[in-house]
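Kindly generate the complete structure, drawing on both the sequences and the hints.
So the chains spell out like this:
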Amino acid sequence: MFGYTMDEVGNIMVMQGFSGLSLFSVLLLMALGLAIIFGQMGVINMAHGEFMMVGAYTAVFMSKLAVKYEMVNSYFVFAIIAAFILAFLIGYLVEYLLIRHLYKRPLDTLLATWGLSLVMQQTFRSSFGAKEVSAELPEWLLGSFKPTADIDIPINGVFVMVLALVVTLGVYFFMFRSRGGLRVRATVQNRVMASAVGINTQKVDRLTFALGCGIAGVSGAAFTTISSTGPTTGSLYIVDSFMVVVFGGAASLMGTIASAFGIAQAQSILQFFMTSSMGKVATLMTIVIILMMRPEGLFASKVRR
Amino acid sequence: MSSSDRRQFIKKASVLVGVSLALGLSMATGSASAADFPTAAVSTTGLAVTDKTVTVGILHSATGTMAISETGSIQAEKLAIAQINEMGGVLGRKIEVVQEDGASDWPTFAEKSKKLLESDKVAAVFGCWTSASRKAALPVFEKDNGLLFYPTFYEGLEQSKNVFYTGQEATQQILAGLDWITKEKKAKTFYLIGSDYIWPRTSMKIARKHIEQHLGGKVVGEEYVALGDTQFGSVINKIKLKKPDVIYAAVVGGSNVAWFKQLNAAGLNSKKQTMLTISVTEDEVLGIGGENLEGFYSAMKYFQTLKNPNNDKFVAEFKKAYGENAVIGDVTQAAYLGPWLWKAAVERAGSFDVDKVVVALPGYEMTTAPEGYVKVDANHHLLSKLRIGKWRKDGQADVVYESGLINPDPFPKGYQ
Numbered sequence: 001m002f003g004y005t006m007d008e009v010g011n012i013m014v015m016q017g018f019s020g021l022s023l024f025s026v027l028l029l030m031a032l033g034l035a036i037i038f039g040q041m042g043v044i045n046m047a048h049g050e051f052m053m054v055g056a057y058t059a060v061f062m063s064k065l066a067v068k069y070e071m072v073n074s075y076f077v078f079a080i081i082a083a084f085i086l087a088f089l090i091g092y093l094v095e096y097l098l099i100r101h102l103y104k105r106p107l108d109t110l111l112a113t114w115g116l117s118l119v120m121q122q123t124f125r126s127s128f129g130a131k132e133v134s135a136e137l138p139e140w141l142l143g144s145f146k147p148t149a150d151i152d153i154p155i156n157g158v159f160v161m162v163l164a165l166v167v168t169l170g171v172y173f174f175m176f177r178s179r180g181g182l183r184v185r186a187t188v189q190n191r192v193m194a195s196a197v198g199i200n201t202q203k204v205d206r207l208t209f210a211l212g213c214g215i216a217g218v219s220g221a222a223f224t225t226i227s228s229t230g231p232t233t234g235s236l237y238i239v240d241s242f243m244v245v246v247f248g249g250a251a252s253l254m255g256t257i258a259s260a261f262g263i264a265q266a267q268s269i270l271q272f273f274m275t276s277s278m279g280k281v282a283t284l285m286t287i288v289i290i291l292m293m294r295p296e297g298l299f300a301s302k303v304r305r
Numbered sequence: 306m307s308s309s310d311r312r313q314f315i316k317k318a319s320v321l322v323g324v325s326l327a328l329g330l331s332m333a334t335g336s337a338s339a340a341d342f343p344t345a346a347v348s349t350t351g352l353a354v355t356d357k358t359v360t361v362g363i364l365h366s367a368t369g370t371m372a373i374s375e376t377g378s379i380q381a382e383k384l385a386i387a388q389i390n391e392m393g394g395v396l397g398r399k400i401e402v403v404q405e406d407g408a409s410d411w412p413t414f415a416e417k418s419k420k421l422l423e424s425d426k427v428a429a430v431f432g433c434w435t436s437a438s439r440k441a442a443l444p445v446f447e448k449d450n451g452l453l454f455y456p457t458f459y460e461g462l463e464q465s466k467n468v469f470y471t472g473q474e475a476t477q478q479i480l481a482g483l484d485w486i487t488k489e490k491k492a493k494t495f496y497l498i499g500s501d502y503i504w505p506r507t508s509m510k511i512a513r514k515h516i517e518q519h520l521g522g523k524v525v526g527e528e529y530v531a532l533g534d535t536q537f538g539s540v541i542n543k544i545k546l547k548k549p550d551v552i553y554a555a556v557v558g559g560s561n562v563a564w565f566k567q568l569n570a571a572g573l574n575s576k577k578q579t580m581l582t583i584s585v586t587e588d589e590v591l592g593i594g595g596e597n598l599e600g601f602y603s604a605m606k607y608f609q610t611l612k613n614p615n616n617d618k619f620v621a622e623f624k625k626a627y628g629e630n631a632v633i634g635d636v637t638q639a640a641y642l643g644p645w646l647w648k649a650a651v652e653r654a655g656s657f658d659v660d661k662v663v664v665a666l667p668g669y670e671m672t673t674a675p676e677g678y679v680k681v682d683a684n685h686h687l688l689s690k691l692r693i694g695k696w697r698k699d700g701q702a703d704v705v706y707e708s709g710l711i712n713p714d715p716f717p718k719g720y721q
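If you read the protein sequences in the order shown, they are chains A and B. Those letters in the first sequence? Residues 1 to 305, by my numbering. Those letters in the second sequence? Residues 306 to 721, by my numbering.
Hints in this document: simulated from the structure, not taken from any laboratory. You may find that some hints are simply not true.
Unchecked claim - Heads up, simulated DSS-like pairs for lysine-lysine below, C-alpha to C-alpha not over 27 angstroms straight-line:
1) B:698 x A:64
2) B:661 x B:680
3) B:661 x A:131
4) A:131 x B:618
Note that this is a predicted model, so its numbers are computed, not measured.
Here it is as structure tokens:
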């Protein structure tokens with residue numbers, strides 16, 4: 001086939017399938033935090049990428065400590081937990097100082113969070129320097145699995161995949177199987193009614209926003225294994241994150257998952273058969289066309305308006 | 306005299322000798338006093354020159370995306386200026402600096418150039434990094450007859466009376482590198498990959514022509530990734546399918562880091578794959594991580610590990626100024642040349658007037674550059690050598706090849 005042996009084609013298909021799945025988990029991890037903040041709360045959080053970088057810089061900082069205390073092989077798990085906690089706390093603070101004053105003016109959240117993203121970028125730059133940094137990765141995160149001689153499965157890809165699964169399950173259980181999630185969903189569906197039955201909606205808002213930021217922090221920490229960490233790296237993720245959430249149908253978590261999967265597969269296949277940038281263009285075109293036909297996104301929410 | 310006294314004495318005496326030697330030298334090298342060069346004579350076009358000072362501008366991005374790359378250039382230019390001032394300045398005048406921030410925004414570069422030239426009246430500007438920022442600022446420099454020293458290696462196809470290019474243009478960086486890797490690795494097939502904008506596209510065009518027409522090789526893939534793209538899975542699989550002898554890469558920014566990390570994770574490390582890149586300097590290695598680069602090659606005119614007295618001194622002083630962990634990449638070194646070349650030109654011209662300085666610089670041979678001997682060509686670019694560095698795990702490169710001096714050729718015939 002096209003001058004390649006069946007073996008070669010088979011191997012590439014396996015690796016290509018994996019890279020599609022790997023892209024899927026990257027997009028999912030990127031978008032989950034935003035799906036909660038934008039999808040559930042309706043806050044257009046332009047600083048989403050910067051919250052991811054909070055996590056990434058936490059990982060880098062922890063890696064420096066780990067090198068010092070010779071814990072390089074085990075620190076990464078702690079780094080991810082620390083990234084969650086730190087991003088959660090900063091998110092909590094931001095909600096308290098900034099976002100809660102703007103719930104009635106959703107478009108202003110766009111400007112306010114964009115401003116916040118600039119402030120955060122400059123903070124990273126002033127405290128960690130303008131140059132990109134890299135986290136010292138443990139040996140077990142480097143290199144690839146080789147099920148056969150010619151197939152390489154990147155370990156960091158597998159790691160991101162597992163983490164995406166864990167976070168998605170975590171979000172699912174929180175949102176649909178816990179009282180906290182019930183309160184969030186109640187507040188989203190009908191704020192007045194929720195507060196009438198005794199839910200402290202302000203507190204729910206604060207925790208929801210912080211949770212979204214925390215998840216962004218986790219994904220940021222995870223992405224230090226596959227891409228760069230710099231003051232403006234966060235801005236690389238923001239477009240893709242919004243694309244996944246909007247395409248999936250803003251208020252639906254299932255939609256986010258389905259849309260991440262669809263976009264990842266389309267992009268990965270198109271990029272294989274076309275050039276990389278053309279593949280991306282074609283994917284975006286498809287999304288635009290589908291959104292023109294279904295403005296609500298893939299999974300329209302069934303909220304009464 | 307006890308032996309310790311004697312030691313003391315010898316020490317003191319040698320310090321004295323050293324100091325007087327230094328004084329003598331500085332007089333001999335003609336750190337001329339300003340009195341020999343009356344202001345009215347050395348500046349006739351209203352530049353910011355007084356009896357004691359001369360003002361120059363530094364125009365780089367200290368904020369925004371490009372701050373990653375441009376910080377090193379700012380540091381190098383300031384170091385050079387500080388050193389020149391220590392030696393007595395230019396024509397007996399201390400250099401004062403007005404620093405402006407281009408903020409990674411190309412129209413801002415034009416606006417700040419205008420400010421530097423029209424209201425600060427600076428005698429020269431050291432600045433710009435991306436081609437886009439230079440292209441934005443160029444009309445301002447040409448209209449106001451300013452003088453720009455531009456440090457980055459770039460795609461060529463430009464030559465202006467008002468600009469000196471201290472980095473390499475594309476053919477200087479590309480041709481000798483391809484020649485070397487073809488000979489050294491017996492390479493026949495090449496996969497070209499770059500970020501999707503003017504510099505990689507122009508460079509790859511030149512590379513492809515050279516591979517196909519002069520080296521008898523074959524280009525089995527040419528690929529451009531969107532700026533800022535961080536997912537390379539599909540591209541890497543394509544490369545695995547094509548099995549090129551050499552990957553020739555010009556990926557930049559955040560994409561560059563993702564590219565190397567994912568390449569390594571997909572099992573394409575230097576043991577299995579030869580790669581020559583024209584977009585990795587010591588600065589980029591910080592973000593990419595030495596372990597992801599180990600064994601791959603970069604083609605640059607300068608590496609921090611170059612062994613020569615000029616460079617030893619430069620590296621030591623750079624680290625003294627900016628910390629032991631500071632690294633010096635190709636562009637940082639090229640930026641360092643800017644103020645020195647300007648000083649030499651002003652002294653040759655005996656004037657700060659741009660028209661006279663511009664005429665005085667071509668033909669100048671610089672022997673104190675950290676990269677070694679360079680000469681300013683009539684086309685305002687530098688004659689320089691190309692080096693191939695092989696990356697080590699610690700983020701430094703071993704220089705494995707050094708070309709002869711290469712003439713700059715910004716408008717290469719047969720490559721456009």
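- prompt: Does the structure break any of the earlier hints, and which numbers would those be?
  reply: Violated hint: only 3; rest satisfied.
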